[in-house]
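> Sequence:
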Amino acid sequence: MSLLASHLEQIGSSATSIADLEFPPPKIFTNALLGSHEITTLIRDTETHERALFSLDPNATNGSRRSGVHNDNGLHTERTSGPRKSIYAQGPPAQPRSVVARVLGQDLLYDIRQSSGSAARGKGAVNVEVLLLGAEKLCEVYHVEGAVERIALIRQRNSNLSSSIAEYQQLVQQQQSNLNRLNTGSSFGIPDEDDHAQESNSAYTKRAFAAEVDIEAEEAEIRELEARKKALEERVAGMGSDLAGLLR
Numbered sequence: 001m002s003l004l005a006s007h008l009e010q011i012g013s014s015a016t017s018i019a020d021l022e023f024p025p026p027k028i029f030t031n032a033l034l035g036s037h038e039i040t041t042l043i044r045d046t047e048t049h050e051r052a053l054f055s056l057d058p059n060a061t062n063g064s065r066r067s068g069v070h071n072d073n074g075l076h077t078e079r080t081s082g083p084r085k086s087i088y089a090q091g092p093p094a095q096p097r098s099v100v101a102r103v104l105g106q107d108l109l110y111d112i113r114q115s116s117g118s119a120a121r122g123k124g125a126v127n128v129e130v131l132l133l134g135a136e137k138l139c140e141v142y143h144v145e146g147a148v149e150r151i152a153l154i155r156q157r158n159s160n161l162s163s164s165i166a167e168y169q170q171l172v173q174q175q176q177s178n179l180n181r182l183n184t185g186s187s188f189g190i191p192d193e194d195d196h197a198q199e200s201n202s203a204y205t206k207r208a209f210a211a212e213v214d215i216e217a218e219e220a221e222i223r224e225l226e227a228r229k230k231a232l233e234e235r236v237a238g239m240g241s242d243l244a245g246l247l248r
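In the UniProt record's numbering, the protein residues as written are 1 to 248.
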């Protein structure tokens, strides 16, 4: 007993000395560590768009919450407060929606992902208008200086390039049609077998040479138009890549 009493006396004196110590009151970051506060509540003078970047959708369904309980044997177990789900349920758990997803909406977000994906860029099917619409919606929530003017400029450039591509495509088709007619000799008066019997060899040679020169000129013009078309398509694809990076 005497040995136990000495231990109890030592424990009591230690507890008394600890109780006499002065500790500073809990600070704001101490409370943040002990509680589940949002980080934006710890920062003064935050704007709405700044708080939105660090917030999750409150309407999103969170995973089932677990609470610890003790059974009759004193062992710690866990139980879920939400509805029980089958262990054979297919698919990954639902992820909370981000602020960008809430601002853009599911339909527009799906169109942006389809348009800015690697498959779309490989096929040249980048929808610049969809990317611009998404950028405008994001700028309504999170203002970026000069972004609105840049979006308007890119939209105008895209419109001009699209119209130019359409004109070049029509011109290429027209030149290709002329080239086909040159090859068949139906539009420049190249004589057929009946006319050839009536005309001299010198006249036929001149016409054939002129037709060959015209064909070469048409082919050179077609190659130039196709090069311009390819350059315009590359510029449009580059604009789509820039917008996709801005949306990220």
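Calculated from the structure, these hints are not laboratory results. Even glycine gets a Cβ: it sits at the ideal position worked out from N, Cα and C. Treat the hints loosely; a few may be bogus.
Just the calculated beta-carbon pair ranges, DEER-fashion [said to hold, decoys possible]:
hint: 1; residue 1: Tyr142; residue 2: Glu219; range: 46 to 54 Å
hint: 2; residue 1: Glu234; residue 2: Val148; range: 20 to 28 Å
hint: 3; residue 1: Arg181; residue 2: Val141; range: 40 to 48 Å
Within a straight-line C-alpha distance of at most 16 Å, the following computed EDC-like cross-link-like pairs (lysine to aspartate or glutamate) qualify [as the list claims (entries may be wrong)]:
hint: 4; residue 1: Lys137; residue 2: Asp111
hint: 5; residue 1: Lys229; residue 2: Glu129
hint: 6; residue 1: Lys137; residue 2: Glu167
hint: 7; residue 1: Lys230; residue 2: Glu136
> Could you run down the list of hints and mark each one as holding or not?
Structure-based check of each hint:
no.: 1; hint: Tyr142 to Glu219: 46 to 54 Å; result: 52 Å, holds
no.: 2; hint: Glu234 to Val148: 20 to 28 Å; result: 26 Å, holds
no.: 3; hint: Arg181 to Val141: 40 to 48 Å; result: 58 Å, violated
no.: 4; hint: Lys137 to Asp111; result: 14 Å, holds
no.: 5; hint: Lys229 to Glu129; result: 20 Å, violated
no.: 6; hint: Lys137 to Glu167; result: 32 Å, violated
no.: 7; hint: Lys230 to Glu136; result: 29 Å, violated
In this structure, the earlier hints numbered 3, 5, 6, 7 are contradicted, and the remaining ones agree with it.
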